[in-house]
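Working from the sequences, and respecting the hints, build out all of it.
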Amino acid sequence: MKEPLIDAHAHFLWDGCGRADWREVNAARFRAGERMGITCHVASMLGTFGFTSPTYFPSPADLTAGNDAMLALCRKHGTLVRMLVTVNPNHTTRARNEIKRCAAKGAVGIKLAASRRADDPLLDPICTLAAKLGLPILHHIWQHRRREWPNQEISDGADLARLAERHPKATFILAHIGGGGDYMHSYAAIRDVPNIVADTSGSGVDRGMLDEAVAALGSQRLLWGSDITMETGLAKLRALANTGLSSDEDLKDIRWRNAARVFRLKTPNVRKPKPKAARS
Amino acid sequence: MIDTNALIGPYPFRYVPHPDPDVLLRVLDREELEAAWVGHLPSAFHRDPTEGNAELYTAIATHAKRLLPVPTIRPDWPHWERGLEAADAAGAPAVRAYPAHWQLAPDDPRMKELAIACGEAGTALILTVRFEDVRQRHPLDVAGDLQPSAVRALARAGNGVRLIVTAAGKDFIEEVHWGLTPPEQKRVFWDFSWVWGPPEDHLAKLFTTVGSGRFVYGTHWPLRLAQNPAANLELLPQALSRAKLADPRRLFTG
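So the protein lines, in turn, are chains F and X.
According to this note's numbering, the first sequence is numbered sequentially starting from 7.
According to this note's numbering, the second sequence is numbered sequentially starting from 133.
There could be a bad hint or two in this list.
Below are the SDA-like pairs computed for lysine to any residue, each with C-alpha atoms no more than 20 angstroms apart in a straight line [unchecked claim]:
(1) F:K106 with F:A71
(2) F:K175 with F:A137
(3) X:K302 with F:R25
(4) X:K302 with F:E30
(5) X:K337 with F:N32
(6) F:K82 with F:K111
(7) F:K8 with F:L271
(8) F:K175 with F:L139
(9) X:K337 with F:R25
(10) X:K337 with F:R37
(11) X:K302 with F:I234
(12) F:K175 with F:D125
(13) X:K337 with F:I234
(14) X:K337 with F:K111
(15) X:K337 with F:A33
(16) X:K337 with F:A26
(17) X:K244 with X:S281
(18) X:K337 with F:V31
(19) X:K302 with F:W28
(20) X:K337 with F:D27
(21) X:K337 with F:R29
(22) X:K302 with F:D27
(23) X:K302 with F:A34
(24) X:K302 with F:A137
(25) X:K337 with F:L139
(26) X:K337 with F:R41
(27) X:K337 with F:E30
(28) X:K337 with X:G311
(29) F:K111 with F:T99
Chain X is nowhere near these chain F residues, computed Cβ spacing over 12 angstroms in every case [what the hints assert, rightly or not]:
(30) F57
(31) A78
(32) R81
(33) N96
(34) G112
(35) D125
(36) L135
(37) A137
(38) R152
(39) P200
(40) R213
Rather than coming from a laboratory, the hints here were simulated on the basis of the structure.
Don't be surprised by glycine CBs; every beta carbon is placed ideally from N, CA and C.
Spelled out as structure tokens, the structure:
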């Protein structure tokens, strides 16, 4: 049996996205995933990705439609595709109902984009529910928020840390350390908040990014992922072996075992790793 | 394969691990790359690049077979022609210029003079669209990205011009390529260190439309992982798996 590889941060498109090439984009993800050895794409759809409501401020109707499309994709592909239910915390009751609806149909986590700052009290009812259901929250993050940026209400590692400290029984995934901004700020912000893990996805492939992540967080708080640039995911996968800090067991943790633990996926030979001390 | 976009030396805005020639050689071995065209990263930020160029020549002199110098030439600096002559004497296959960092306008005539002089010397001119993602830049790093209009202006400067544009994305490449006549297009080569692969398949689209023969291999080391361009090629659709890149040693003869 081949070594599992779980992409903890993936997206698929659907026909509501207003893109004529949505099937080709999805096919390309599967094509590349097969070549890379991805055994599970943990994915979400952010509403209509801007077609009928903004990507980072999706309307409740768009979210439900996108989540339905994601559920359909999961049904079609079995264990190769697992789903994060995407919600907008500005519509709190609807968000909670949507989480319950999709969790009952197999969602393995929650995706929060950038519709509300991470430390806003409006997120608390969602986090409470997430902890109750055992669903991790993947939160879109801008690595070090120095100002506002258009089209999203961005959060950074410090914002997420404040939320995570209020909800110690919930698990949070800091999205895409390579997704833009200063990842070193994120490492410092979340290092002492053990219920936050980070995913390695994003287009950024800075040398030093992975070494510092492993050093600051430890290999058991990192989840490998690609987001919307799979070649950078593959490059990081190869570079992990050169960090000089990862044993084969550490690499397995980052490749799939941490994701299997966080998303509660049934995969072969999943062990519960003992926490290791990160670099002080 | 030759890495046309490698640098040595520290970066002023963040720590970059081991930006040294010895480490670069090990990276070339690991990535199975034949050689690298090597620039001097700090020189992009110096007022006068002369001393940085001297440092570059010295640093890689003992590895001359695999590390070829790409000095920096600043055409708004007095006697820049001497730097170009020195580059030629040192066997430099290319020189680098950073007009955005030097606040030279896209149509600055001094950049055109440099491009033409490089062409006459049989030397490629390497331009860098960006060192880092705009979202992560240090507050003091205010140079901004190189603009497509600057590349178009240089590509139109003369028949002998040969440009290698590094760290451009798909939109940038398309804007320049389709904004040039076919003869002008042949003067411009691109590295794909900043072009996305699947699922959007930007590299595959560019290989199909612009042509893989307009692209050279470049890693953007030591700022970016050297594994990235190889991963990008590896994930191309099957139909493009044998796409041939341009040979940077034949930019003037191909």
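Okay, the hints, checked on the actual structure:
no.: 1; hint: F:K106 with F:A71; in the structure: 15 angstroms, holds
no.: 2; hint: F:K175 with F:A137; in the structure: 6 angstroms, holds
no.: 3; hint: X:K302 with F:R25; in the structure: 18 angstroms, holds
no.: 4; hint: X:K302 with F:E30; in the structure: 18 angstroms, holds
no.: 5; hint: X:K337 with F:N32; in the structure: 16 angstroms, holds
no.: 6; hint: F:K82 with F:K111; in the structure: 13 angstroms, holds
no.: 7; hint: F:K8 with F:L271; in the structure: 17 angstroms, holds
no.: 8; hint: F:K175 with F:L139; in the structure: 11 angstroms, holds
no.: 9; hint: X:K337 with F:R25; in the structure: 16 angstroms, holds
no.: 10; hint: X:K337 with F:R37; in the structure: 15 angstroms, holds
no.: 11; hint: X:K302 with F:I234; in the structure: 15 angstroms, holds
no.: 12; hint: F:K175 with F:D125; in the structure: 16 angstroms, holds
no.: 13; hint: X:K337 with F:I234; in the structure: 16 angstroms, holds
no.: 14; hint: X:K337 with F:K111; in the structure: 37 angstroms, violated
no.: 15; hint: X:K337 with F:A33; in the structure: 15 angstroms, holds
no.: 16; hint: X:K337 with F:A26; in the structure: 15 angstroms, holds
no.: 17; hint: X:K244 with X:S281; in the structure: 13 angstroms, holds
no.: 18; hint: X:K337 with F:V31; in the structure: 12 angstroms, holds
no.: 19; hint: X:K302 with F:W28; in the structure: 19 angstroms, holds
no.: 20; hint: X:K337 with F:D27; in the structure: 13 angstroms, holds
no.: 21; hint: X:K337 with F:R29; in the structure: 16 angstroms, holds
no.: 22; hint: X:K302 with F:D27; in the structure: 17 angstroms, holds
no.: 23; hint: X:K302 with F:A34; in the structure: 17 angstroms, holds
no.: 24; hint: X:K302 with F:A137; in the structure: 42 angstroms, violated
no.: 25; hint: X:K337 with F:L139; in the structure: 43 angstroms, violated
no.: 26; hint: X:K337 with F:R41; in the structure: 19 angstroms, holds
no.: 27; hint: X:K337 with F:E30; in the structure: 12 angstroms, holds
no.: 28; hint: X:K337 with X:G311; in the structure: 18 angstroms, holds
no.: 29; hint: F:K111 with F:T99; in the structure: 19 angstroms, holds
no.: 30; hint: F57; in the structure: 16 angstroms, holds
no.: 31; hint: A78; in the structure: 18 angstroms, holds
no.: 32; hint: R81; in the structure: 21 angstroms, holds
no.: 33; hint: N96; in the structure: 24 angstroms, holds
no.: 34; hint: G112; in the structure: 23 angstroms, holds
no.: 35; hint: D125; in the structure: 21 angstroms, holds
no.: 36; hint: L135; in the structure: 31 angstroms, holds
no.: 37; hint: A137; in the structure: 31 angstroms, holds
no.: 38; hint: R152; in the structure: 7 angstroms, violated
no.: 39; hint: P200; in the structure: 26 angstroms, holds
no.: 40; hint: R213; in the structure: 6 angstroms, violated
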